[in-house]
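> Here is how the chains run, residue by residue.
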Amino acid sequence: MNYFPDEVIEHIFDFIASHKDRNSISLVSKSWHKIERCSRKRVFIGNCYAINPERLIERFPSLRSLTLKGKPHFADFNLVPHEWGGFVHPWIVALAKARVGLEELRLKRMVVSDESLELLSRSFSSFKSLVLVSCEGFTTDGLASVAANCRHLRELDLQENEIDDHRGQWLNCFPESSTALTSLNFSCLKGETNLAALERLVARSPNLESLKVNRAVPLDALTRLMSCAPQLVDLGVGSYENEPDQESFMKLMAAIKKCTELRSLSGFSEVAPLCLTAFYPICQNLTSLNLSYAAEIQGNHLIRFIQFCKRLQRLWILDSIGDKGLEVVASTCKELQELRVFPSDLHDEEDNDTAVTEIGLVAISAGCPKLHSILYFCKQMTNAALITVAKNCPNFIRFRLCILEPNKPDHTTSQSLDEGFGAIVQACKGLRRLSVSGLLTDKVFLYIGMYAEQLEMLSIAFAGDTDKGMLYVLNGCKKMRKLEIRDSPFGNAALLADVDKYRTMRSLWMSSCEVTLGGCKRLARNAPWLNVEIINENENNDVMERNEEDEREKVDRLYLYRTVVGARKDAPPCVTIL
Amino acid sequence: MRGGSELELRKSNLPAESDLELGLGLSLGGGAWRERGRILTAKDFPSVGSKRAAADSSSSHHGASPPRSSSQVVGWPPVGSHRMNSLANKQAMKAEQGEGKEEGKKEDEPKDVSVKVVEGSGFVKVNKDGVGIGRKVDVRAHSSYENLALTLEEMFFGRTGTASVEKVKALRLLDGSSEFVLTYEDKEGDWMLVGDVPWRMFITSVKRLRIMGTSEASGLAAPRHQEQK
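Chains as they are written, first to last, in my numbering: chain P, 56 to 633; chain G, 13 to 241.
To be clear, the hints were calculated from the coordinates, so they are not data collected in a lab. Don't be surprised by glycine CBs; every beta carbon is placed ideally from N, CA and C. Be aware that one or more of the hints could be misleading.
Claimed, not checked - Restricting the straight-line Cα-Cα distance to at most 16 Å, the calculated cross-link-like pairs of lysine to aspartate or glutamate (EDC-like) are:
(1) G:Lys199 with P:Asp219
(2) G:Lys137 with G:Asp150
(3) G:Lys137 with P:Asp69
(4) G:Lys148 with P:Asp219
(5) G:Lys148 with P:Glu138
(6) G:Lys137 with P:Asp220
(7) G:Lys199 with P:Asp220
(8) P:Lys85 with P:Glu109
(9) G:Lys148 with P:Asp131
(10) G:Lys219 with P:Glu217
(11) G:Lys219 with P:Asp220
(12) G:Lys137 with P:Glu191
(13) G:Lys219 with P:Asp219
Stated by the list, open to error - Covered, in the sense of this in silico footprint (three residues per stretch, anywhere, with C-beta under 8 Å from a C-beta of chain G), are these stretches of chain P:
(14) 343-351
(15) 385-396
Okay, chain P solo, but in the shape it has when bound (with noise of 0.2 Å):
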């Protein structure tokens, strides 16, 4: 290879995407990384604090999707204060200045400011891709600018954000000149919705596949969108607030039939049931479906809707569909890739007796052979049942199951769930995202470091006994990435028997354990690589007495990463960095 011009080499490398793989070429030799980093378009940062804008810059100076992940992943259950950090500011502004070609950013759990989005806007001609999934700061004054100064705006695709609206009129700030769009996202929007301005634009986007509105938009109007763009892939509905009439609900099903793109449908919130029905002319085309926030559908809807969805293969539900539901899942959709089952009932008011158990979860894996990825939220759960499905499902890649009593055991035997989980580990060898509850001792870990190779992200929750369980899995899972944990008896000496452990990992996440300041600060001085951040939100920090801070005392909220560029220097208060 070495005999090819650079130009050649650089030629073979565009085909290589997976940043993996990239990475791994930029090691081969020097002359590779410069070609590789010299060519390179697309950058993934999974933490934005394990480097710098102005180092990235520097070595990926074509830069032109960039991809940054900010908060840890607990933030989203409010375990992380909101000022903690991940400001997007300073790289939008080092790019500004370095002039980057950004075209598409990417944001996940950071904090975007208005002023961020302004810059941004302003400072990169060809800029095609807004994505911002679990962000906040910003106001629908941050999109105005957006909408209005990016001229080439393909995609703004705004996911679970927190946004201040300020129902003013960003929608109506799309120059009449903006035909691009391709996507447009903004469910997460908690205002009114300026429909005329949204019709208009629809109506002169040809290429828009992806269309999520918000709760603000009612039938009628999804039924003119719909009806100028036919061409929709993806569907996002907004609020249905009363049962339809007769008329406005074959109008409504005349426009859906005339879209046979159409693959993905969202949404629902608010919705009287029968307006799914609207759907069924286009229901056997669809391969996705994510009626996780539609609430108001009962399970037998929802099951009478399924049972004509053959070909679904990512499936996001609530629990109310019941084990019956998912039966008829599993009978129909043998397509089936996702499955995510979300709990409906968060207040354990009622003893439901149409939510989801063992028995949904079993049918589900025998039924659907190229099942891979699963959430599933339950009351309760059996090793008999997670022994069958690891049986049954051998190609788990994720296996996110969340039992909502903490410490429940097996309800059959009133075991442990060691044996089940035991199981799957055991059973899908490729296995990579893996949450445990239930009651648990430290064999799961046992198990987890023994078999799950592949693992490289495990979340723990009220689970093991003693420092083992947690030295198990930092020992076994060599490729390890993300380790998160709360409420669990995990103290220093699994924190720190093995620092360079923490080099190959991206992060760790203590919380509720049994790990103090001085076993923190010990593994701070081990080792200098890693930003070691010690989380107090409740103290009021004139109250809590430095000098007399006691190596002793349990640190609430541990976070540490691995990081190249030190300290940082935008922490809050409560964030202590050791």
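Fit chain G to the supplied structure of chain P, relying on the hints for placement.
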């Protein structure tokens, strides 16, 4: 626990058959740990770090988090906050419709009630006079004014220092007896004293909260509240 033999197991990839004899025996660990079965009652799950609290009950160190006044353990179940807020909205709406069970079909519901779209997430900003950094609180995660006041007390006035929470303290912010009052900005932009309207109505109209000094608040007092003073 079997101790040393288990450590050896891990080091080799192919442990001897006999070592793999793993029956379904439950290995019991720390006793107090196992007692925690309930998820959604504040009493059964006193705090996120309750195991520690049980172990160090005599010391009043600030390792354990304060008890949550809402009926949920912090961050459990692990459902994204966006989804939680959406569900909480719906449950608040259902409660408002006076529905006890989820049995009835929605078609039978009075249409004017189901039309009401609940806007906004449960999280509102809270600022206390004199404190630069504001906080956020999820009003929808609370069931009453008392609960909310309790959370705010813990947030802004530090811990009470006792393991159990006294009900009396919860009312300090609400009944005007302390030097602070709790006020809120409603959807119309008006600042009102917290406590005047029914709780359900409050959570749909509150935009943000402010803990202000009593002297400043006098201008806000609604006629009804002045009578109470």
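> Compare the structure with each hint and give your call.
Hint check results:
{"no.": "1", "hint": "G:Lys199 with P:Asp219", "verdict": "holds (14 Å)"}
{"no.": "2", "hint": "G:Lys137 with G:Asp150", "verdict": "holds (9 Å)"}
{"no.": "3", "hint": "G:Lys137 with P:Asp69", "verdict": "violated (48 Å)"}
{"no.": "4", "hint": "G:Lys148 with P:Asp219", "verdict": "holds (14 Å)"}
{"no.": "5", "hint": "G:Lys148 with P:Glu138", "verdict": "holds (10 Å)"}
{"no.": "6", "hint": "G:Lys137 with P:Asp220", "verdict": "holds (15 Å)"}
{"no.": "7", "hint": "G:Lys199 with P:Asp220", "verdict": "holds (13 Å)"}
{"no.": "8", "hint": "P:Lys85 with P:Glu109", "verdict": "violated (21 Å)"}
{"no.": "9", "hint": "G:Lys148 with P:Asp131", "verdict": "holds (15 Å)"}
{"no.": "10", "hint": "G:Lys219 with P:Glu217", "verdict": "holds (14 Å)"}
{"no.": "11", "hint": "G:Lys219 with P:Asp220", "verdict": "holds (12 Å)"}
{"no.": "12", "hint": "G:Lys137 with P:Glu191", "verdict": "holds (14 Å)"}
{"no.": "13", "hint": "G:Lys219 with P:Asp219", "verdict": "holds (11 Å)"}
{"no.": "14", "hint": "343-351", "verdict": "holds (count 4)"}
{"no.": "15", "hint": "385-396", "verdict": "violated (count 0)"}
In this structure, the earlier hints numbered 3, 8 and 15 are contradicted, and the remaining ones agree with it.
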